[in-house]
Amino acid sequence: MSDASVNDTVIQTEGLRKVYHMGQTEVHALRGVDITVTRGEMIAVMGASGSGKSTLMNILGCLDTPTSGTYHLDGVRVDGLSRDQLADVRNQKIGFVFQGFNLLARTSALENVELPLLYDRQRRFKNTKEQAAWALEQVGLGDRTDHHPSELSGGQQQRVAIARALVTQPSLLLADEPTGNLDHRTSIEVMALFQELNDQGITILLVTHEHDIAGYHRRIIEVRDGHILRDHPVAECRIARSYLEQLDAEEPVGAL
Amino acid sequence: MTPMNLVRIAGQSILKNKMRALLTMLGIIIGVGAVIVMVAVGLGARGQIRESIQSLGSNMIIIMPGAATTGGVNMGAGSFSRLTVEDSEKIAREATLITGVSPVINSMAQVIGNGTNWRALINGVSTDYEVIRDWPTSSGTWFTESDVRGIRRVAVLGTTVAENLFPGQEAVGQRLQIRNVPFDVIGVLAPKGQSAGGQDQDDRILIPYTTANTRLSGRSFIGQIVASAATEGELPVAQEEIREILRESHEVQPGQDDFTVRDQTDLAAAASSSTETMGMLLAAIASISLLVGGIGIMNIMLVSVTERTREIGIRMAIGARGKDVLTQFLVESVVMSLLGGLIGLALGVGGATVLGNLMGWSTEVSPITVAVAIGFSAAVGVFFGFYPARKAAALNPIDALRYE
Ligand SMILES: Nc1ncnc2c1ncn2[C@@H]1O[C@H](COP(=O)(O)OP(=O)(O)OP(=O)(O)O)[C@@H](O)[C@H]1O
Ligand SMILES: [Mg+2]
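First to last, the sequence lines map onto chains A and B.
No gaps in the numbering here: position 189 of the first sequence is 189 in our numbering, and each next residue is one more.
No gaps in the numbering here: position 198 of the second sequence is 198 in our numbering, and each next residue is one more.
Bound conformation, chain B alone (with noise of 0.2 Å):
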């Protein structure tokens, strides 16, 4: 028998009940399709949370108030966790493993500007969170040591400020006012796109750390101080030396901090933990249905044994030997799980894209992914198509003819 005969007779068998050999790879089809899809999406998301945190800047660090550990001990009402700028400072004098660093003092604000009202946050930070966030200007220029120095009203705008404020005009060199302080502008920074948690990242305006505390908040405290390391690999050594000088400006002993000292890494991590979760959760789904419709094959084929074992007397009269039936049988299984594999793939692939469109998720099918699932559905068609396989190939030629 050459392979190309017994595919052949596989098909013809195959065909020969249709509807059957339909119900049967059913199993395998809405397995591989319904995990074809779920992986396209969350390929999808992953891709998404990646260039989403990769858009926070290299090798950034984020320094937090309060304690990471929230089981931890009570510090009592004395000691309320805050992050001033003065701490900014100290670590811009004392730190030499960073590149730069910025305290970040957050507020929400109503802006008027050529005639327009337009609420956006407002971000005080110093000249380095440029290089920190990795965040140029396409227009104009960033604020400069000067301007912060000088508690200047210059303002950055993030390009969706721009868009609403001056439609179809040069932002850059106009005027508005943030709480009816009259600011400069003096750059737009270049398009950022969504954060990891879906914000818009480009609806900010910055402006000097100086000038946001003096004119418009009034408040030394600052909710975030963010800052980079040269490299990836001295993220860790940064970020302790991070630790020390603010446990020594706070005064509390290693294990009793107060803030929290975070790198880009333990987000990606999270992010890729939940992932991961989803991944598993994908991989059981994908088990379970591929064992079912593995176990709807084995079934038939069973069946089909049964139901042929005249022909498979007769196949054995003329000369086949028993692994000629066992092949026989084995090709047919595997032929009908790749074929609901195929089917499946095809069903996934398109699923994915029309709930992509739809939804406006961005999917990614692989060819991994389609390697795997058309690698799976022909094992599951394997290993469930042995034992009937095997069964058939025991039997004896003459019991085989006389069965009725």
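Chain A on its own, in the form it takes in the complex (with noise of 0.2 Å):
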């Protein structure tokens, strides 16, 4: 491996293994697991329910610890790090989409959106609530700043989500089923969304179960008890923008 390459690395890791004890029983969710991703990259995680797909991305996400195995993000071992330097790690790294939104209820969408900005120790960013609406705009939600969670639609509160994570401009983004619980077309917008952030620079992994939806990445992992099954690029990436206009134009529904 020459050194650019090496600098290029975003995620490696070596025999991933993640047992979870229930009692008596061990429930081996992961058991090793290697990864490596490339700077710039942008992966389907897919598999069976249960196949170990959230453990994974916890684990990528340095919200959870494996049991074995290591793990290098941007050249560092992760596994070795205290809790407050974790804690940087995902302030700092890692923006992180999860399968539940996780937004604090009674919290404007621009507050949710501002929070990973306040624990920034860094203060990389002087004015934040200018920030957080940045973000918002970028996910196409520049109205509804002042609306709760509770007032957003399930998709709205998805792409507010999204907008957390894309405040503090992380080099990984890591999403777990972004899509799960978006109909069709608000699937294909979040994934021109990904697309573009990708174009613009960012790793992202993304879970999903739905091979249509995998069909939007360059290389698709395959999840199947705890191991990987299948590593695969796929050979004709599919481009979210060019579908959408695809369909405005079959059905031109409101647009008066």
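It cannot be assumed that every hint is accurate.
Below, a list of computed lysine to aspartate or glutamate pairs in the DMTMM-like style, where the Cα atoms sit at most 20 Å apart [claimed, not checked]:
| # | chain 1 | residue 1 | chain 2 | residue 2 |
| --- | --- | --- | --- | --- |
| 1 | B | Lys-16 | A | Asp-146 |
| 2 | A | Lys-93 | A | Glu-41 |
| 3 | B | Lys-18 | B | Glu-307 |
| 4 | B | Lys-192 | B | Glu-163 |
| 5 | B | Lys-16 | A | Glu-151 |
| 6 | A | Lys-126 | A | Glu-151 |
| 7 | B | Lys-90 | B | Glu-248 |
| 8 | A | Lys-93 | A | Asp-120 |
| 9 | B | Lys-391 | A | Asp-84 |
| 10 | B | Lys-90 | B | Glu-145 |
| 11 | A | Lys-129 | A | Asp-143 |
| 12 | B | Lys-192 | B | Asp-203 |
| 13 | B | Lys-391 | B | Glu-276 |
| 14 | B | Lys-323 | A | Asp-120 |
| 15 | B | Lys-323 | A | Asp-84 |
| 16 | B | Lys-192 | B | Glu-51 |
| 17 | B | Lys-192 | B | Glu-145 |
| 18 | B | Lys-90 | B | Glu-240 |
| 19 | B | Lys-391 | B | Asp-324 |
| 20 | B | Lys-323 | A | Asp-88 |
| 21 | A | Lys-93 | B | Asp-324 |
Estimated spans, in silico, between C-beta atoms of each pair [to be verified]:
| # | chain 1 | residue 1 | chain 2 | residue 2 | range |
| --- | --- | --- | --- | --- | --- |
| 22 | A | Gln-122 | B | Ile-288 | 17 to 23 Å |
| 23 | A | His-21 | B | Leu-282 | 54 to 60 Å |
| 24 | A | Ala-48 | B | Thr-2 | 28 to 34 Å |
| 25 | A | Ala-48 | B | Leu-15 | 34 to 40 Å |
| 26 | B | Thr-277 | A | Gln-122 | 54 to 60 Å |
| 27 | B | Leu-15 | A | Asp-84 | 41 to 47 Å |
| 28 | A | Val-27 | B | Leu-22 | 42 to 48 Å |
| 29 | B | Met-359 | A | Asp-84 | 57 to 63 Å |
| 30 | B | Ile-374 | A | Arg-124 | 36 to 42 Å |
| 31 | A | Val-234 | B | Tyr-403 | 35 to 41 Å |
| 32 | B | Phe-386 | A | His-21 | 45 to 51 Å |
| 33 | A | His-28 | B | Tyr-403 | 22 to 28 Å |
Just so you know, the hints here were simulated from the structure itself, not pulled from any lab data.
The structure presented is a predicted model; accordingly, all values stated were derived computationally and were not measured.
The beta-carbon is built from N, C-alpha and C at its ideal position, and this holds for glycine as well.
Got two chains here, each in a separate frame; can you build the complex from them with the hints?
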């Protein structure tokens, strides 16, 4: 491996294992996962329910620690960091979109999105409100800043969650089934957004059940029973934006 | 997180559960309120006691018949203890460390003057009484040494007596009768107000003790002798000197005194010890109610941490450190207890004022009381908020997120 390729490796795991203890029984959620992700990739993680996708994402997102195995993020070995250092990694480097939206109730969209900036010890963004508004603009919710999560649709909540992941301008975006609760069109819109972000250079890992959604990625990792079953590039990556235009042309509803 | 953000978050979360927050704060509110009221009343009372002790006169020494220790040896019938005018005169002659000495011959008597009746306390005293009690006249003059020696029938009136017998008139120069003995009014005393026991000190008539002795009572025993030392520092030696003189005239050994010599510092000490007891009681009540209030806060904060486990998980997932979560919950409990303290303070000050007006007590809310009340409620918030806050901070992000 050359120096350049080392620098371009965002994620590198070796033999990641995760064992949950449920009383007497042991649940092996991950049984030795090796993944290498290079900067600028856009990867779909697929697999049946219970195959260990969320477990993997939580470890990659520094929310959880593996039972064994190593994890390097941007060349830094993560499974040796203190709680505070992990908190800073989550804040600075990673944007995480949860399977449930995990927004703070009774807190406006803007304040939800602003929250990661308030915990930024480097104070990279002087005007946190402005930056949060920018992130909401990115996901097309510039006009919903004062709405509380309960006043937003599922798709809009999902986009607020994405805006919160984007607001710190992370180099790595991890999304656990961000389209799981969305209708077809909104899912494609989210994919269009992710493809734009990826074009801007952000590395993206996205969990999905749907082959349709996986088709918008350049690489697919298939997980089964805590193993990586297949890891292959996608020959022809679909472009969400052009598909949306195609949809608009087919049914010009509301285009008065 | 800036401090402003932390306080805002705490405020929002308290406002979300207004009723619960209010009930939680109730312990602190009641505790602080009660303490403010009681301290206000206590301080007022102490101020009154201090004033009335000072009004006795400075550096006063009081000599009374009877031993101070009642549990001591029974003297028997023959040695019935008494003080006499001669004792007082002997002290006046022999004592070197005192600035004045006066017997006090007490009696209540019916006084007739200007066609009206008045019952007043008659004090037969010497001219030194003016210095000892620091009690000048406001009009007219005190009687003189020659009035005393001449057993003259002259009287100096307290303002209460003067106002009741001669309302709207100049009392000096008038005549009155005490037990049918005519007296000339030669002076009216400056007003002194109430004594420590709540008696009107101005409801009295001062006459020469010689006159009191011969014209009124005919007894040569007196209730009290008062004297004064030049300075507060000389009080102990002056008292010892008086004891020695009296032992000589009463023919008793040291330790068998049939009289008691005391000074106003003893009175002050007695008064301050009673206010100290009250202070201790207040402190006990305060700490118990603050403890109860604090436990209430801790309880609610624990509930709050459990309820908001997911929120904690979310905050940690997006980069909050343990310390951030700890501060957030600590600030919340401090804001809550401080708010309770401030409400209690407002109610306490209001209550003290109302109570003071209603009961005619003087009350006093000192800045120190206010500072201590606020400081203590904040401390309660920190102390009882710490455990729940630390519990929140120790959570694992993923476990907190999964919590249902
Ligand atoms: N906290 C936990 N305690 C015990 N077992 C767990 C825990 N979390 C996950 N598991 C188990 O680990 C396995 C993998 O779970 P995981 O959530 O990673 O699946 P997933 O691939 O994300 O599934 P889905 O597609 O339904 O979200 C499952 O068998 C699950 O029961
Ligand atoms: Mg999952």
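A quick look at each hint next to the structure:
Between Lys-16 (chain B) and Asp-146 (chain A) the alpha-carbon distance is near 18 Å, which keeps this suggested pair within the 20 Å criterion. With a C-alpha separation of about 16 Å, the suggested pairing of Lys-93 (chain A) with Glu-41 (chain A) holds against the 20 Å cut-off. With a CA separation close to 16 Å, the supplied pair Lys-18 (chain B) and Glu-307 (chain B) stays within the 20 Å bound. Among the hinted pairs, Lys-192 (chain B) with Glu-163 (chain B) is consistent with the structure: their alpha-carbon atoms are about 14 Å apart, no more than 20 Å.
This hinted pair checks out: Lys-16 (chain B) and Glu-151 (chain A) have alpha carbons roughly 17 Å apart, not beyond 20 Å. Restraint check: the Cα-Cα separation between Lys-126 (chain A) and Glu-151 (chain A) comes to about 29 Å, which exceeds 20 Å; the hinted pair is violated. Taken as a hint, the Lys-90 (chain B) and Glu-248 (chain B) pair is honoured in the structure, with Cα atoms around 10 Å apart against an allowance of 20 Å. Taking the CA atoms of Lys-93 (chain A) and Asp-120 (chain A), the gap is about 11 Å. The hint holds against a cut of 20 Å.
Note on Lys-391 (chain B) and Asp-84 (chain A): the hinted pairing holds, with a Cα-Cα distance of about 16 Å set against a maximum of 20 Å. With a CA separation close to 16 Å, the supplied pair Lys-90 (chain B) and Glu-145 (chain B) stays within the 20 Å bound. Taking the CA atoms of Lys-129 (chain A) and Asp-143 (chain A), the gap is about 14 Å. The hint holds against a cut of 20 Å. For the suggested pair Lys-192 (chain B) and Asp-203 (chain B), the alpha carbons sit about 10 Å apart, so the restraint of at most 20 Å is met.
Taking the CA atoms of Lys-391 (chain B) and Glu-276 (chain B), the gap is near 41 Å; set against the 20 Å cutoff, the hint is violated. With a C-alpha separation of about 13 Å, the suggested pair Lys-323 (chain B) and Asp-120 (chain A) falls inside the 20 Å cut-off, and the hint holds. Proximity of Lys-323 (chain B) to Asp-84 (chain A) is assessed by CA-CA distance (about 9 Å); at most 20 Å being required, the pair is judged to hold. For the suggested pair Lys-192 (chain B) and Glu-51 (chain B), the alpha carbons sit about 10 Å apart, so the restraint of at most 20 Å is met.
Pair hint Lys-192 (chain B) plus Glu-145 (chain B) does not hold up; C-alpha atoms about 24 Å apart against a cutoff of 20 Å. Distance check on the hinted pair: Lys-90 (chain B) and Glu-240 (chain B) sit about 15 Å apart at the alpha-carbon level, within 20 Å; holds. For the proposed pair Lys-391 (chain B) and Asp-324 (chain B), the alpha carbon gap of about 13 Å is at most 20 Å, so the pair holds. For the proposed pair Lys-323 (chain B) and Asp-88 (chain A), the alpha carbon gap of about 12 Å is at most 20 Å, so the pair holds.
Distance restraint check for Lys-93 (chain A) and Asp-324 (chain B): the Cα-Cα separation of roughly 19 Å lies within the 20 Å cut-off, and the hinted pair is therefore satisfied. Here the CB-CB span from Gln-122 (chain A) to Ile-288 (chain B) is close to 48 Å, at odds with the stated 17 to 23 Å. Distance hint check for His-21 (chain A) and Leu-282 (chain B): the Cβ-Cβ separation is about 55 Å, which falls inside the suggested range of 54 to 60 Å. Against the hinted window of 28 to 34 Å, the Cβ-Cβ separation of Ala-48 (chain A) and Thr-2 (chain B) comes to about 46 Å, which falls outside the hint.
Distance hint check: the CB atoms of Ala-48 (chain A) and Leu-15 (chain B) are about 45 Å apart, inconsistent with the given range 34 to 40 Å. Between Thr-277 (chain B) and Gln-122 (chain A) the CB atoms are about 59 Å apart, so this pair conforms to the stated range of 54 to 60 Å. About 31 Å separates the C-beta atoms of Leu-15 (chain B) and Asp-84 (chain A), a value inconsistent with the hinted range of 41 to 47 Å. Val-27 (chain A) and Leu-22 (chain B) have their C-beta atoms about 46 Å apart, which keeps the hinted 42 to 48 Å range intact.
Distance hint for Met-359 (chain B) and Asp-84 (chain A): a CB-CB separation of about 59 Å, consistent with the stated range 57 to 63 Å. Checked against the hint of 36 to 42 Å, the C-beta distance between Ile-374 (chain B) and Arg-124 (chain A) comes to roughly 38 Å, which is consistent with it. In this structure the hint that Val-234 (chain A) and Tyr-403 (chain B) lie 35 to 41 Å apart at CB holds, the actual value being about 37 Å. Distance hint for Phe-386 (chain B) and His-21 (chain A): a CB-CB separation of about 31 Å, inconsistent with the stated range 45 to 51 Å.
Here the CB-CB span from His-28 (chain A) to Tyr-403 (chain B) is close to 23 Å, well matched to the stated 22 to 28 Å.
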